[in-house]
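Undergrad: Going by this note's numbering, the first sequence runs without a break in its numbering and finishes at 270.
If you're looking for bench data, these hints aren't it; they were derived computationally from the structure. Watch out, some of these pointers could steer you wrong.
Unchecked claim - Using 30 Å as the maximum straight-line C-alpha spacing, the simulated DSSO-like pairs for lysine-lysine come out as follows:
1. 131 with 111
2. 111 with 90
3. 147 with 194
4. 194 with 111
5. 131 with 193
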Amino acid sequence: MPELPEVETVRRTLKHFVIGKEIKAIQVHYDKIIVGDSNRFVSTLTGQTIRDIDRLGKYLVFILDRDAFVSHLRMEGKYHLVDAAAPLNKHQHLSFVFSDGTALRYQDTRKFGRLELVSKETYPYDLPLSKLGPEPWEADPEAIYQKIHRSSLPIKTLLLDQRIMTGIGNIYANEICFSMSINPTTPGKRVSKKRITELIAVSKEILEQAIAQGGTTIHSFDANGITGLFQMQLKVHMQKVCPVCDGPITKEMVRGRGTYYCQACQKKKG
DNA sequence: ACGTCCTCCTGTTCGC
DNA sequence: TGCGAACAGGAGGACG
1 MPELPEVETV
11 RRTLKHFVIG
21 KEIKAIQVHY
31 DKIIVGDSNR
41 FVSTLTGQTI
51 RDIDRLGKYL
61 VFILDRDAFV
71 SHLRMEGKYH
81 LVDAAAPLNK
91 HQHLSFVFSD
101 GTALRYQDTR
111 KFGRLELVSK
121 ETYPYDLPLS
131 KLGPEPWEAD
141 PEAIYQKIHR
151 SSLPIKTLLL
161 DQRIMTGIGN
171 IYANEICFSM
181 SINPTTPGKR
191 VSKKRITELI
201 AVSKEILEQA
211 IAQGGTTIHS
221 FDANGITGLF
231 QMQLKVHMQK
241 VCPVCDGPIT
251 KEMVRGRGTY
261 YCQACQKKKG
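Using the sequences and the accompanying hints, generate a full structural model.
TA: And the structure:
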């Protein structure tokens, strides 16, 4: 599911609901959702209060009194604040029960999401976050160019590589390529430094617009019932007709991911 | 180091 | 209609 704008929307929404709440108990209903020892996860966090929620790329970082944990929603992860007594639905795998009688439930149909304890002091520099490249607004064009210009992989695939830049997923990768008028299959090595600079600027602009719209809702994303509106702005992803030339949108698989583009408008290679 | 394939899961849609 | 295959917004690990 969620890419950077959706995760940012979840972060902002969730902050209103959970900051200042004390975790009285944690119930893990599917323990593969926890990276590492789930008993340690539970015993470490129980009794602590949620002080802040940070985000790096597509990871949420919950900051507590003494510790922190990261949560990656992968494809379908969602959070809901409910009454602690509310019945558990079959896709809710973890409950943070708060001392005020509410509970934060983690729900994930495909069970791909993960939660993991991290150090509150050094989490940006430890795994798993230390692997991430910069978000587009922090990215240095020269450094990104160095990571791309020898690769034979399609530029769209490189946009999905979180070690190069972080935050972009399949939807926005398609939209960014469209905005650049670049063919998504263009090998990285054929993209000039000037175009990489442009690519970063376009990425920044599209992610910012999506955040302003509350993210994209396609089928499962929502932040406590709050859904995004950016799907109204999608120009190629899941579309049939090009909004620029009225020609057909092509869908093909590029390295295993559904890729949408306009053959007429996205002829540029590089 | 780099690229490809497979895997983790469940639900929905597509094609015969 | 039925039924299996393909696909869905992600990423980590194994392998060559």
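Undergrad: Against this structure, judge whether each hint is valid.
TA: Hints versus structure:
1. 131 with 111: holds (23 Å)
2. 111 with 90: Roughly 11 Å between the alpha carbons, so the hint for residue 111 and residue 90 holds.
3. 147 with 194: holds (14 Å)
4. 194 with 111: violated (41 Å)
5. 131 with 193: holds (24 Å)
Hint 4 from the earlier list is the only one contradicted by this structure; the remaining hints agree with it.
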